[in-house]
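Engineer: Let's have the full structure, built from the sequences with the hints guiding it.
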Amino acid sequence: MRKTVAFSRRSANVFFHILTRCNLHCRHCYINPEQHGSRTLDIDTIEKWLALFAERHEQANVIFLGGEPTMHPELARAVRSARSLAYGSVTIDTNGYLFHDILDRVTPQEVDFFSFSLDGPDPSVNDPLRGPGSFDACTRGIAAAKARGFAVSLIYTVSQANIDHLSAMPPLLESLGIDRFFIQVIGVRGQWTEDSRQRETLAQVDRDTWLEVIPKVAEESARRGMIATFPKVFLDPGEPFECAGLVADNYFIFPNGRVYRCPLCEDYPLHGLEIRDNRLVDAPRINETDLFPLTIPEGCVMNRIIQPRNLPPALGGELTYKIACCMLKEEISP
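Residue 266 in full-length UniProt numbering sits at position 266 of the sequence shown, with consecutive numbering throughout.
Keep in mind the hints are simulated off the structure, nothing from the lab. Treat the hints loosely; a few may be bogus.
Said to hold, decoys possible - Using 20 Å as the maximum straight-line C-alpha spacing, the simulated PhoX-like pairs for lysine-lysine come out as follows:
(1) K329 with K216
(2) K3 with K232
(3) K232 with K216
(4) K329 with K48
(5) K329 with K232
(6) K216 with K3
Structural biologist: Written as structure tokens, this is what we have:
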């Protein structure tokens with residue numbers, strides 16, 4: 001069954017970058033130390049910041065990210081703190097190296113998902129993007145997590161560099177026992193975007209290619225027993241545009257205290273909130289919250305400001321499509 005996952009204020013998602021350090025140097029990494037900081041948060045700060053959002057929203061979902069979050073020696077304690085604060089679900093995003101024996105320090109009752117990142121069906125595709133040996137390390141990590149009873153999801157970031165290999169993923173995912181498959185469009189942000197050669201190699205795929213490839217792969221994944229989720233990206237001219245910043249509660253927290261509501265803004269000091277002295281406060285104006293109410297015929301105003309190459313061409317004055325909010329997802333269930 002295919003459906004668009006509607007925005008809802010009844011749930012909140014807290015994307016918590018507890019550090020920016022990582023053992024890999026993925027070519028398309030969106031972390032930008034100049035904007036996000038290079039600090040590793042101490043556990044006391046992590047617990048205080050978790051409490052801020054637990055107080056703000058009942059049953060929020062928390063996703064621990066980095067960098068590589070398993071490099072944080074106190075991640076297990078952070079997970080238990082999130083549970084004690086009644087977070088609705090806890091996910092750990094990881095590149096699969098699983099530092100500090102994290103699988104031995106948490107239980108499937110404490111962690112709802114380990115979410116692994118893999119950008120190709122074999123080392124020849126994945127490793128040039130994520131680093132030598134990363135395919136083998138990630139698949140070993142998946143096997144270890146499954147053996148201990150954890151639910152496992154997998155993220156594949158689609159770009160021009162690997163779109164032709166996406167169709168080979170469903171058989172691999174089935175063999176690995178993946179429970180959920182997330183297909184992501186590459187974000188045009190992070191330090192890699194400063195390199196023109198990188199921008200061309202890792203460019204976002206065009207609309208026709210996206211609509212031809214992505215739904216078919218998601219449907220095949222669902223036929224093999226896993227839930228497949230992917231960004232909607234493109235709206236037909238008659239479909240209404242909604243900005244998640246206005247109709248949903250998503251928070252992207254970075255170690256320097258910046259809290260963004262829109263991930264497209266993360267390369268700029270446009271964060272709508274910030275944490276000062278362990279208090280959540282509004283950031284100085286002008287910020288992303290001033291942009292959310294703006295409307296343009298092409299859909300997402302952030303694309304107009306930040307990545308205008310994604311905007312649709314107007315043919316004879318008529319738009320052929322619109323750009324959806326980057327947080328709008330489609331889901332196909334088995």
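Engineer: If a hint holds in the structure, say so; if it doesn't, say that too.
Structural biologist: Checked hints:
1. A hinted pair counts as satisfied when its Cα atoms are at most 20 Å apart, and K329 with K216 qualifies at roughly 15 Å.
2. Only pairs whose Cα atoms come within 20 Å are accepted, and K3 paired with K232 is accepted, the gap being roughly 10 Å.
3. A threshold of 20 Å between alpha carbons decides the hint, and for K232 with K216 the separation of about 14 Å falls inside it, so the pair holds.
4. As the CA atoms of K329 and K48 are separated by approximately 31 Å, the hinted pair breaks the 20 Å bound.
5. Distance check on the hinted pair: K329 and K232 sit about 5 Å apart at the alpha-carbon level, within 20 Å; holds.
6. For the proposed pair K216 and K3, the alpha carbon gap of about 14 Å is at most 20 Å, so the pair holds.
Hint violations for this structure: number 4 only, all remaining hints satisfied.
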